[in-house]
Amino acid sequence: GQNIDQPTEMTATEGAIVQINCTYQTSGFNGLFWYQQHAGEAPTFLSYNVLDGLEEKGRFSSFLSRSKGYSYLLLKELQMKDSASYLCAVRVRGASKIIFGSGTRLSIRP
Amino acid sequence: SQTIHQWPATLVQPVGSPLSLECTVEGTSNPNLYWYRQAAGRGLQLLFYSIGIDQISSEVPQNLSASRPQDRQFILSSKKLLLSDSGFYLCAWRGQGPEAFFGQGTRLTVV
Numbered sequence: 116g117q118n119i120d121q122p123t124e125m126t127a128t129e130g131a132i133v134q135i136n137c138t139y140q141t142s143g144f145n146g147l148f149w150y151q152q153h154a155g156e157a158p159t160f161l162s163y164n165v166l167d168g169l170e171e172k173g174r175f176s177s178f179l180s181r182s183k184g185y186s187y188l189l190l191k192e193l194q195m196k197d198s199a200s201y202l203c204a205v206r207v208r209g210a211s212k213i214i215f216g217s218g219t220r221l222s223i224r225p
Numbered sequence: 531s532q533t534i535h536q537w538p539a540t541l542v543q544p545v546g547s548p549l550s551l552e553c554t555v556e557g558t559s560n561p562n563l564y565w566y567r568q569a570a571g572r573g574l575q576l577l578f579y580s581i582g583i584d585q586i587s588s589e590v591p592q593n594l595s596a597s598r599p600q601d602r603q604f605i606l607s608s609k610k611l612l613l614s615d616s617g618f619y620l621c622a623w624r625g626q627g628p629e630a631f632f633g634q635g636t637r638l639t640v641v
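If you read the protein sequences in the order shown, they are chains E and R.
Oh and the first sequence: position 102 is 217 in our numbering, straight run, nothing missing.
Oh and the second sequence: position 56 is 586 in our numbering, straight run, nothing missing.
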């Protein structure tokens with residue numbers, strides 16, 4: 116079976132840095148995604164990691180450790196518009212399934 | 531460029547009524563297609579995914595069904611809606627790349 120865990124809620128301050136963690140247990144792991152979802156809207160793709168290491172894209176970075184079943188999303192220079200839910204998702208090898216975690220609701224305070 | 535259309539945006543249906551939600555993708559061929567449901571304040575639950583016409587895998591059978599009559603069309607149906615079917619329904623597609631792209635979603639309220 117598959118299991119994806121991430122914190123339910125986090126709060127951070129504008130201008131600061133926040134790290135959102137995700138742990139997963141899956142059979143046939145074939146990559147990990149991070150999506151951003153603003154309230155009432157569809158998720159939008161942020162990043163994809165399939166190999167160990169850090170992928171940087173502007174203010175957002177994503178890290179993966181396959182041996183530990185662990186990923187994090189790092190958001191720098193936080194802005195109020197970064198207030199959203201951040202969804203960790205895993206793609207299962209041998210199938211086209213993409214399984215999502217429950218998401219982390221991030222609130223940014225001034 | 532590729533686009534995904536999902537309609538309607540909102541829907542209010544009585545308990546016991548049928549449901550049909552449609553999703554179409556443009557600008558790509560043979561996409562993987564997905565239906566997810568999101569309860570209020572929760573994550574995305576995978577309902578169905580399809581790798582080709584008439585090739586559909588069900589993750590949460592029960593009250594819902596899916597069909598793919600054409601390569602770029604994916605339909606979610608129910609014969610009789612339950613109160614628990616309320617939620618935000620999202621269609622997504624994936625092409626050659628790994629990531630999936632979502633439609634704007636349908637907010638379904640069963641009353």
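Since the hints were derived computationally from the structure, they do not count as laboratory data.
You may find that some hints are simply not true.
Selected chain R positions facing chain E (Cβ under 7 Å, derived; list incomplete) [claimed, not checked]: (1) I581; (2) A630; (3) G635.
Every residue, glycine too, gets a C-beta built ideally from N, C-alpha and C.
Quick rundown of the hints versus the structure:
1. I581: 5 Å, holds
2. A630: Check passed: Cβ of A630/R comes within 6 Å of chain E, closer than 7 Å.
3. G635: Holds - the Cβ of G635/R comes within 7 Å of chain E, reaching about 5 Å at its closest.
Of the numbered hints listed earlier, not one is contradicted by the structure.
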